[in-house]
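The number in the working numbering is simply the position in the sequence shown, starting from 1, with 7 added.
Read the hints as simulated data drawn from the structure, not as lab findings. Misleading hints may appear alongside valid ones.
[Said to hold, decoys possible] Using 25 Å as the maximum straight-line C-alpha spacing, the simulated BS3-like pairs for lysine-lysine come out as follows:
1. Lys35 / Lys84
2. Lys128 / Lys84
3. Lys35 / Lys230
4. Lys114 / Lys128
5. Lys114 / Lys230
[To be verified] FRET-style restraints, in silico, Cβ to Cβ:
6. Arg116 / Thr28: 34 to 42 Å
7. Ile148 / Gln19: 47 to 55 Å
8. Pro40 / Leu193: 40 to 48 Å
9. Phe206 / Thr63: 30 to 38 Å
We put the CB at the ideal spot given by N, CA and C, even for glycine.
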Amino acid sequence: DDRAAIFTIATQPTMVQGLSTSEQAAAKIVTIPAATSSVATAFYDTVTAAATYLETAPSHFRRVIIVITDGDDNNSKRITATSRAEVNASNNGQLNASRLRAGLEAKHRLAVADVQQAAQKADAIFYSVNPGGPSVRLNQIAMRAETGMEAIAEATGGTAFIPDGEKDLERVFRQVGAELRGQYLLQYYGNSDGPAGQFRRIQVAVPVRSDVRVRARQGYYPKKDQD
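Turn these sequences into a full structure, and let the hints guide you.
See the structure below:
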(Lines of atoms letter the chains of each structure in order from A; the text may use other names.)
(Lines give C-alpha, C1' and ligand atoms only; values in the text may rest on other atoms or scores of the structure.)
Protein backbone atom coordinates (compact mmCIF):
# COMPACT_ATOMS: atom_id res chain seq x y z
CA ASP A 8 0.00 0.00 0.00
CA ASP A 9 3.02 2.34 0.03
CA ARG A 10 2.90 5.40 -2.21
CA ALA A 11 5.79 7.66 -3.15
CA ALA A 12 6.26 11.01 -4.86
CA ILE A 13 9.55 12.35 -6.22
CA PHE A 14 10.90 15.90 -6.12
CA THR A 15 14.20 17.08 -7.55
CA ILE A 16 16.20 19.84 -5.89
CA ALA A 17 17.48 22.43 -8.34
CA THR A 18 16.89 26.14 -8.89
CA GLN A 19 13.29 25.59 -7.81
CA PRO A 20 11.14 22.70 -6.54
CA THR A 21 10.14 20.27 -9.29
CA MET A 22 7.77 17.36 -8.73
CA VAL A 23 8.69 14.75 -11.33
CA GLN A 24 6.32 12.09 -10.00
CA GLY A 25 3.12 12.44 -8.00
CA LEU A 26 2.08 9.88 -5.41
CA SER A 27 2.19 6.48 -7.10
CA THR A 28 3.10 2.90 -6.31
CA SER A 29 6.59 2.14 -5.09
CA GLU A 30 7.28 0.23 -8.32
CA GLN A 31 6.30 3.23 -10.45
CA ALA A 32 8.31 5.61 -8.28
CA ALA A 33 11.40 3.38 -8.45
CA ALA A 34 11.11 3.14 -12.22
CA LYS A 35 10.80 6.92 -12.49
CA ILE A 36 13.87 7.59 -10.35
CA VAL A 37 16.20 5.73 -12.71
CA THR A 38 14.98 7.84 -15.64
CA ILE A 39 16.05 11.13 -14.03
CA PRO A 40 19.16 12.26 -15.95
CA ALA A 41 22.35 12.95 -14.08
CA ALA A 42 23.36 16.57 -13.65
CA THR A 43 25.78 17.79 -16.30
CA SER A 44 26.58 21.16 -14.73
CA SER A 45 26.37 22.99 -11.44
CA VAL A 46 23.07 24.74 -10.75
CA ALA A 47 21.70 26.76 -7.86
CA THR A 48 19.79 24.70 -5.31
CA ALA A 49 16.58 25.54 -3.48
CA PHE A 50 16.69 22.86 -0.78
CA TYR A 51 14.43 24.63 1.72
CA ASP A 52 11.75 25.49 -0.84
CA THR A 53 11.77 21.95 -2.22
CA VAL A 54 11.28 20.24 1.15
CA THR A 55 8.56 22.75 2.00
CA ALA A 56 6.84 21.99 -1.32
CA ALA A 57 7.03 18.25 -0.59
CA ALA A 58 5.56 18.74 2.88
CA THR A 59 2.74 20.89 1.51
CA TYR A 60 2.01 18.22 -1.10
CA LEU A 61 1.90 15.51 1.57
CA GLU A 62 -0.77 17.44 3.47
CA THR A 63 -3.20 16.27 0.79
CA ALA A 64 -2.28 12.60 1.25
CA PRO A 65 -4.80 10.31 3.02
CA SER A 66 -4.50 10.79 6.77
CA HIS A 67 -4.35 7.06 7.57
CA PHE A 68 -0.96 6.78 5.86
CA ARG A 69 2.24 7.63 7.69
CA ARG A 70 3.81 10.62 5.97
CA VAL A 71 7.56 10.55 5.43
CA ILE A 72 10.05 12.83 3.68
CA ILE A 73 13.42 11.30 2.75
CA VAL A 74 15.99 13.62 1.18
CA ILE A 75 19.27 12.62 -0.43
CA THR A 76 21.28 15.83 -0.41
CA ASP A 77 24.06 17.73 1.29
CA GLY A 78 21.41 20.20 2.48
CA ASP A 79 23.17 23.30 1.15
CA ASP A 80 20.91 26.02 -0.21
CA ASN A 81 21.67 29.14 -2.22
CA ASN A 82 18.44 29.75 -4.09
CA SER A 83 15.41 29.42 -1.81
CA LYS A 84 13.27 32.52 -1.40
CA ARG A 85 14.32 33.03 2.20
CA ILE A 86 18.02 32.93 1.24
CA THR A 87 17.87 35.13 -1.85
CA ALA A 88 15.63 37.77 -0.27
CA THR A 89 17.70 40.88 0.37
CA SER A 90 16.21 43.96 1.91
CA ARG A 91 16.67 47.39 0.33
CA ALA A 92 18.48 48.47 3.48
CA GLU A 93 21.02 45.67 3.04
CA VAL A 94 21.62 46.60 -0.58
CA ASN A 95 22.11 50.29 0.24
CA ALA A 96 24.39 49.51 3.18
CA SER A 97 26.48 47.17 1.03
CA ASN A 98 26.76 49.70 -1.80
CA ASN A 99 27.81 52.40 0.64
CA GLY A 100 30.43 50.20 2.23
CA GLN A 101 28.59 50.24 5.55
CA LEU A 102 28.06 46.47 5.61
CA ASN A 103 31.30 44.58 6.10
CA ALA A 104 31.94 40.91 5.29
CA SER A 105 31.35 39.70 8.83
CA ARG A 106 27.95 41.39 9.02
CA LEU A 107 27.02 39.95 5.63
CA ARG A 108 27.92 36.46 6.85
CA ALA A 109 25.96 36.96 10.06
CA GLY A 110 22.94 38.07 8.08
CA LEU A 111 23.17 35.04 5.81
CA GLU A 112 23.48 32.69 8.79
CA ALA A 113 20.35 34.25 10.27
CA LYS A 114 18.49 33.63 7.01
CA HIS A 115 19.51 29.97 7.06
CA ARG A 116 18.25 29.58 10.63
CA LEU A 117 14.91 31.12 9.69
CA ALA A 118 14.69 28.90 6.60
CA VAL A 119 15.33 25.77 8.69
CA ALA A 120 12.55 26.87 11.05
CA ASP A 121 10.22 27.33 8.05
CA VAL A 122 10.93 23.80 6.80
CA GLN A 123 10.53 22.35 10.28
CA GLN A 124 7.13 24.02 10.63
CA ALA A 125 6.00 22.80 7.19
CA ALA A 126 6.96 19.22 8.01
CA GLN A 127 5.22 19.39 11.39
CA LYS A 128 2.05 20.80 9.85
CA ALA A 129 2.06 17.89 7.38
CA ASP A 130 2.57 15.39 10.25
CA ALA A 131 5.61 14.18 8.32
CA ILE A 132 8.72 12.44 9.61
CA PHE A 133 11.91 13.85 8.07
CA TYR A 134 14.95 11.72 7.20
CA SER A 135 18.08 13.02 5.50
CA VAL A 136 20.86 11.08 3.81
CA ASN A 137 23.97 13.18 3.20
CA PRO A 138 26.06 11.64 0.39
CA GLY A 139 28.97 13.90 1.30
CA GLY A 140 30.10 11.35 3.87
CA PRO A 141 32.19 12.05 7.00
CA SER A 142 34.16 14.73 5.14
CA VAL A 143 31.25 17.20 5.62
CA ARG A 144 32.53 17.71 9.17
CA LEU A 145 35.64 19.37 7.77
CA ASN A 146 33.78 22.20 6.06
CA GLN A 147 31.95 24.97 7.89
CA ILE A 148 29.28 25.52 5.22
CA ALA A 149 28.70 21.78 4.82
CA MET A 150 28.32 21.37 8.57
CA ARG A 151 25.85 24.25 8.76
CA ALA A 152 23.71 22.50 6.16
CA GLU A 153 24.00 19.14 7.93
CA THR A 154 23.15 20.71 11.30
CA GLY A 155 20.01 22.21 9.76
CA MET A 156 18.87 18.82 8.49
CA GLU A 157 19.59 17.27 11.87
CA ALA A 158 17.39 19.90 13.55
CA ILE A 159 14.47 19.14 11.21
CA ALA A 160 14.89 15.40 11.73
CA GLU A 161 14.99 15.74 15.51
CA ALA A 162 11.88 17.92 15.56
CA THR A 163 9.84 15.42 13.54
CA GLY A 164 11.09 12.15 15.05
CA GLY A 165 13.34 11.24 12.12
CA THR A 166 17.08 10.76 11.70
CA ALA A 167 19.89 12.49 9.79
CA PHE A 168 22.33 10.00 8.28
CA ILE A 169 25.88 10.56 7.06
CA PRO A 170 26.73 7.28 5.26
CA ASP A 171 30.33 6.16 5.25
CA GLY A 172 30.56 5.98 1.49
CA GLU A 173 28.29 4.60 -1.24
CA LYS A 174 28.50 1.04 0.08
CA ASP A 175 26.85 2.19 3.32
CA LEU A 176 23.67 3.41 1.61
CA GLU A 177 21.97 0.01 1.69
CA ARG A 178 22.36 -0.15 5.47
CA VAL A 179 20.93 3.35 5.83
CA PHE A 180 17.83 2.62 3.79
CA ARG A 181 17.29 -0.70 5.55
CA GLN A 182 17.37 1.16 8.87
CA VAL A 183 14.86 3.76 7.62
CA GLY A 184 12.56 0.99 6.46
CA ALA A 185 12.87 -0.84 9.78
CA GLU A 186 12.09 2.32 11.75
CA LEU A 187 9.01 3.12 9.70
CA ARG A 188 7.65 -0.35 10.28
CA GLY A 189 8.62 -0.55 13.94
CA GLN A 190 7.20 2.55 15.59
CA TYR A 191 4.94 2.97 18.59
CA LEU A 192 1.72 4.96 18.26
CA LEU A 193 0.72 6.89 21.38
CA GLN A 194 -2.65 8.64 21.62
CA TYR A 195 -4.03 10.96 24.26
CA TYR A 196 -6.74 13.55 24.82
CA GLY A 197 -5.32 17.05 24.92
CA ASN A 198 -6.58 19.50 27.53
CA SER A 199 -5.10 22.66 26.04
CA ASP A 200 -7.40 25.61 25.46
CA GLY A 201 -5.02 27.12 22.95
CA PRO A 202 -6.36 28.26 19.58
CA ALA A 203 -6.49 25.87 16.64
CA GLY A 204 -3.37 26.10 14.52
CA GLN A 205 -1.08 26.95 17.43
CA PHE A 206 1.93 24.65 17.84
CA ARG A 207 1.66 22.39 20.89
CA ARG A 208 4.79 20.86 22.35
CA ILE A 209 4.89 17.32 23.63
CA GLN A 210 7.57 15.25 25.32
CA VAL A 211 7.80 11.47 25.28
CA ALA A 212 10.03 9.75 27.83
CA VAL A 213 10.63 6.36 29.42
CA PRO A 214 11.80 7.25 32.95
CA VAL A 215 12.29 3.65 34.08
CA ARG A 216 14.56 2.74 31.15
CA SER A 217 17.81 4.65 31.22
CA ASP A 218 19.24 2.31 28.58
CA VAL A 219 16.89 3.40 25.80
CA ARG A 220 16.65 6.58 23.73
CA VAL A 221 13.26 7.91 22.71
CA ARG A 222 12.97 9.61 19.35
CA ALA A 223 9.63 11.31 18.79
CA ARG A 224 8.17 14.46 17.32
CA GLN A 225 8.55 17.54 19.49
CA GLY A 226 4.97 18.67 18.96
CA TYR A 227 2.17 19.13 16.49
CA TYR A 228 -0.24 21.59 14.93
CA PRO A 229 -3.83 20.59 15.76
CA LYS A 230 -6.38 20.62 13.01
CA LYS A 231 -9.26 23.04 13.21
CA ASP A 232 -11.89 22.20 15.84
CA GLN A 233 -9.70 19.36 17.16
CA ASP A 234 -7.48 18.82 20.20
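Hints violated by the structure (listed by number, smallest first): Per hint list: 1, 3, 5, 7, 9 violated.
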